[in-house]
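Visitor: Going by my numbering, the letters in the sequence shown line up with residues 1 to 360, in that order.
Keep in mind that a hint or two might mislead.
[As the list claims (entries may be wrong)] With a cut-off of at most 27 Å between alpha-carbon atoms, the simulated DSSO-like pairs for lysine-lysine come out as follows:
#1 328 to 209
#2 191 to 328
#3 50 to 312
#4 191 to 209
#5 191 to 50
[Claimed, not checked] Here are the simulated distance ranges between beta carbons:
#6 26 to 303: 43 to 49 Å
#7 268 to 91: 33 to 39 Å
#8 52 to 306: 27 to 33 Å
#9 106 to 237: 29 to 35 Å
Derived by calculation from the structure, the hints in this document are not laboratory data. Each residue gets a CB set at the ideal place from its N, CA and C atoms; glycine is no exception.
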Amino acid sequence: MPRGEAWSSPIPLRAEAMMSNRATIQDLANLAGVSVSTLDRILNRRSSVKTATLQHVLQVAEHIGFYGAPTIRDRLTEKAPEATFGFLLNGAERHLYADFSRELCDQTRTSRRVRGQAEVHHLSGLDERETIDALYRLAESCDVIAAVALDTPDIRDAVREIALRGIPIFTMLSDLSVPARAAFIGADPTKIGRGAGWIMHSLCNRPGKVALFVGSHGYLAHRGYVGGFLGYLSENGSPLQVLPAQATEESDDLAEHLVDQALSEHPDLTAIFVAGGGLEGALRTLERRGRDDLTVIGTELSPRIDAALSAKRVKAVLSHPAPAVIGKVIALMEDQIVFGTSETARDHIVPVEIRISETV
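Work out the full structure, taking the sequences as your base and the hints as a guide.
Guide: Structure follows, in structure tokens:
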């Protein structure tokens, strides 16, 4: 077999000492198991080179710090199809969704498999009509969409109609109960809820009341959080009395008001579970009232919440691991563009991320 064809069993990457900009073409050829003439064709665009070969050579070049790695990356990108990825997210004023937007855009722009550009629409609230209009606007300019959306009949109808146009819609963090959506990417919401129940049950083993707040009953994920939480406490004979769930509408301001109201109406309040957006608002009320005696658990992270974890004012946060969700979303969207299909026939459930004071 010609040397240039032997890279499918590459030489082990044993040259840590070569991981600098002094690595030569011959070094790269030796480690990648290709000929110098193949590298010449890649670097100088002399003739066509298989995409698989380009990907392999780039991986090795980046590993050893080869000076021509950017050129190889550009060559690979030249062979990639163009695509516009659309993203529908909640308001950018919330740290979670600002971070999601930034990372989704970065990974789309730096994709090696597509020449991608990102179009992001941040919702101003939980209005169903705004969500539907945003989905249709994204469908006009995007090849594939990933969305965080309420699960309502009209939104499901919109997803179904857009899918019939040949534009797949992936769901992130919260699923939609419509077969037309391409796939769900996120942690299992019932497991998040049961995990919160286990922590609450372990920390609060005496009678008392728990104030339960849900971002919105319209999110499948939030309904899963609540169902898992209540199910665990019930199955394990918890002495806690969980108050009826109140919706924060994903608003910190509303959460602040609701927590203030709960503290006034229930002097024996023992704990708070914020299942969805609103934990920062809840913390504002607890700080103002000087109530650091409550067991507080949430499902959303931010620098302020991390600080509260460190100070032990929040006992635990169970959430979707953002890097894993974002990486899988982009990979599936790339598959859709490159292959026309992907692993879209199945959902992609990622492990729950759990933070406590000792892990922040």
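Visitor: Give a verdict on every hint.
Guide: Hints and how they fare:
Distance restraint check for residue 328 and residue 209: the Cα-Cα separation of roughly 39 Å exceeds the 27 Å cut-off, and the hinted pair is therefore not satisfied. Annotation: proposed proximity of residue 191 to residue 328 holds, straight-line Cα distance about 20 Å (limit 27 Å). About 55 Å separates the Cα atoms of residue 50 and residue 312, which puts this hinted pair outside 27 Å; it is violated. Pair hint residue 191 plus residue 209 holds up; C-alpha atoms about 22 Å apart against a cutoff of 27 Å.
Simply put, residue 191 and residue 50 have alpha-carbon atoms about 44 Å apart, too far for the 27 Å limit, and the pair is violated. For residue 26 paired with residue 303, a C-beta distance near 48 Å keeps the hint of 43 to 49 Å intact. For residue 268 and residue 91, the Cβ-Cβ distance of about 35 Å falls inside the hinted range of 33 to 39 Å, so the restraint holds. Checked against the hint of 27 to 33 Å, the C-beta distance between residue 52 and residue 306 comes to roughly 42 Å, which is inconsistent with it.
The given range of 29 to 35 Å is broken by residue 106 and residue 237, whose C-beta atoms sit roughly 48 Å from each other.
Of the hints listed earlier, those the structure fails to meet are numbers 1, 3, 5, 8, 9, in rising order.
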